[in-house]
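Going down the list, the protein sequences come from chains A and B.
Using my numbering, you'd call the opening residue of the first sequence number 1 and step up by one each time.
Using my numbering, you'd call the opening residue of the second sequence number 1 and step up by one each time.
None of these hints come from the bench; they were simulated from the model.
Model, not experiment: these values are computed from the prediction.
Just so it is clear, CB atoms sit at the ideal spot from N, CA and C, and this is done for glycine as well.
Incorrect hints may appear among the rest.
As the list claims (entries may be wrong) - Distance ranges between label pairs, derived from CB positions: (1) A:Ala-152 with B:Gly-12: 46 to 54 angstroms; (2) A:Asp-233 with B:Arg-57: 44 to 52 angstroms; (3) A:Leu-443 with B:Thr-16: 48 to 56 angstroms; (4) A:Thr-463 with B:Pro-53: 48 to 56 angstroms; (5) B:Arg-57 with A:Glu-153: 55 to 63 angstroms.
To be verified - Listed next, the stretches of chain B that the computed footprint assigns to chain A, with coverage defined by at least 3 CB atoms under 8 angstroms from CB atoms of chain A: (6) 37–43; (7) 46–57.
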Amino acid sequence: MEDMTPNPEISGHSARLEHSPHPEVAEPPGNSPRSGIPEPSGRSPRPEPAGPSGNPDHPGRFADSASSPGPGSSADSGLFEVPIRRTCPFDPPPGLAGLRAAEPVTRRVMPLDGTELWLVTSHDLVRRMLADPRWSSSVDGGLSPEQPLHMAEPEPGMFISMDAPEHARYRRMLTAHFTVQRMNRLRPRIEQIVAERLDAMERLPRPVDLVAEFALPIPSLVICELLGMPYEDRAEFQEAARTVVDMTTPPEQADAALARLGAHLAKLIAAKREEPDDALIGELIREGVLTDGELVHISILLLLAGHETTANMLGLGTLLLLHHPDQLALVREGAPGAADELLRYLSIVDLVIFRGAKEDLTLGGQEIEAGQFGLASLAAANRDPALCEDPDRLDVTRPKTAHVALGFGPHQCLGQNLARLELEIAFQALLRRFPGLRAAVPLEEVRVRENAAIHGLHSLPVTW
Amino acid sequence: MSTVEPVDVAGGTAVTVNRESCCGAGQCALAAPAVFTQSEEDGLVVLLDPNPPADLREAVRRAQSHCPTRSITVR
Numbered sequence: 001m002e003d004m005t006p007n008p009e010i011s012g013h014s015a016r017l018e019h020s021p022h023p024e025v026a027e028p029p030g031n032s033p034r035s036g037i038p039e040p041s042g043r044s045p046r047p048e049p050a051g052p053s054g055n056p057d058h059p060g061r062f063a064d065s066a067s068s069p070g071p072g073s074s075a076d077s078g079l080f081e082v083p084i085r086r087t088c089p090f091d092p093p094p095g096l097a098g099l100r101a102a103e104p105v106t107r108r109v110m111p112l113d114g115t116e117l118w119l120v121t122s123h124d125l126v127r128r129m130l131a132d133p134r135w136s137s138s139v140d141g142g143l144s145p146e147q148p149l150h151m152a153e154p155e156p157g158m159f160i161s162m163d164a165p166e167h168a169r170y171r172r173m174l175t176a177h178f179t180v181q182r183m184n185r186l187r188p189r190i191e192q193i194v195a196e197r198l199d200a201m202e203r204l205p206r207p208v209d210l211v212a213e214f215a216l217p218i219p220s221l222v223i224c225e226l227l228g229m230p231y232e233d234r235a236e237f238q239e240a241a242r243t244v245v246d247m248t249t250p251p252e253q254a255d256a257a258l259a260r261l262g263a264h265l266a267k268l269i270a271a272k273r274e275e276p277d278d279a280l281i282g283e284l285i286r287e288g289v290l291t292d293g294e295l296v297h298i299s300i301l302l303l304l305a306g307h308e309t310t311a312n313m314l315g316l317g318t319l320l321l322l323h324h325p326d327q328l329a330l331v332r333e334g335a336p337g338a339a340d341e342l343l344r345y346l347s348i349v350d351l352v353i354f355r356g357a358k359e360d361l362t363l364g365g366q367e368i369e370a371g372q373f374g375l376a377s378l379a380a381a382n383r384d385p386a387l388c389e390d391p392d393r394l395d396v397t398r399p400k401t402a403h404v405a406l407g408f409g410p411h412q413c414l415g416q417n418l419a420r421l422e423l424e425i426a427f428q429a430l431l432r433r434f435p436g437l438r439a440a441v442p443l444e445e446v447r448v449r450e451n452a453a454i455h456g457l458h459s460l461p462v463t464w
Numbered sequence: 001m002s003t004v005e006p007v008d009v010a011g012g013t014a015v016t017v018n019r020e021s022c023c024g025a026g027q028c029a030l031a032a033p034a035v036f037t038q039s040e041e042d043g044l045v046v047l048l049d050p051n052p053p054a055d056l057r058e059a060v061r062r063a064q065s066h067c068p069t070r071s072i073t074v075r
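For reference, chain A alone in the conformation it holds in the complex (with noise of 0.2 angstroms):
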């Protein structure tokens, strides 16, 4: 979420959390696009024109992940479709290497609203436009082409969505909380949940679920205490995470799912009005800055970023790892830079951060005009050769990289150090308690979320 875990900006709003299930547009006739893009002939359903696809070290295709898009839209904006497809779900989309070395900053249009934007996809400038305050964070819908991309004044305490000074006053009431110091207190307390967890998938049948049984409920179990929320409401926070971040989600279902979570959140909320407890919430609710709209909205999207973002990065974290034994047994070890390593490698969210111009502005040499938005792609930008050496190469031992998976700028991950904490300890115990850990089914069987804002896993049968 904007401000939360592993995942930069997550909005809390359906709006931002859109995607869509991506067709490839049609290119109408008499456009050419710009600049040194390689282009395909002819005018029927074409991929982006780009670099290399895949990864020589995945082997094979996945479940879902490569199945054919749907109909071209859009064929009256004369631009290309932002790629969003990932036919591997450890790589960002096919093309935007490509869009990287040709043309950084590029007008392509969004394949389900229909909205025309500047996508971004250099690491340089991906830093550059989410740092720069002249691009504002006060942008809505996406999801249809009944609701495009706007601009839209946040709802109370919904800070992932403001702009300054608006922003900074709300997040600076929650920084406190997530500092690396704060963070590091809660570790024994994390391994206890951790291997609980552990212990429970031990009791049971083979193969097991390692979704639905390590990845989810850790980091469920970790927010739910931080904030203070009853751990037995979980299913009711995952469900609502879930539905909100599923791009085929009607927009008046995620609506719904978001009310019903915030009913629910009042409820806790006014009981905790009465008897503050000195979990997150209860003590935002002591300081008495807030009103209960603020701090419900701020208990949405800290719960949604912490339910959606770890929990992905776990579960296609151990799949990646699975396919990377060297790298795995180097996790094992305790290797110190192997959550980084590994946020920047999958980049779970992409292709969600929008901003919209306050002013007109230039960035990669064009002219962005004042109204127009921007989409930042975080996978790119971590993927760009001019941030490491090697960038399509999993390496954990490499030196801490100046990655964007939890976004930059003043909205970078506020879970950020709880989130890498997470997946250090996690990631160690499970390989540790579990040496012989291995996929019960064949690769082409995982099934992967394909219509998700955040990448990863339904499910994933382990076996040890």
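Given the coordinates of chain A, assemble chain B onto it according to the supplied hints.
Relative to the frame of chain A, chain B by itself:
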């Protein structure tokens, strides 16, 4: 909170931080914990050592480069 002013030592490293723009991400405290930490009160950057020794220079540069709000200056 007042900023700790670095002394410009010839050949040394002089660091300043901007708490106004800081967003409390903690990247600096991760990169160079002997030089930067986060306030227990507000989570924002606290400069522990405005003139870190030469062997920390690379870590300080990394902290600067990883800072999401570009709130660290190194001379």
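Structure-based check of all given hints:
no.: 1; hint: A:Ala-152 with B:Gly-12: 46 to 54 angstroms; result: 49 angstroms, holds
no.: 2; hint: A:Asp-233 with B:Arg-57: 44 to 52 angstroms; result: 49 angstroms, holds
no.: 3; hint: A:Leu-443 with B:Thr-16: 48 to 56 angstroms; result: 51 angstroms, holds
no.: 4; hint: A:Thr-463 with B:Pro-53: 48 to 56 angstroms; result: 51 angstroms, holds
no.: 5; hint: B:Arg-57 with A:Glu-153: 55 to 63 angstroms; result: 45 angstroms, violated
no.: 6; hint: 37–43; result: holds (count 7)
no.: 7; hint: 46–57; result: violated (count 0)
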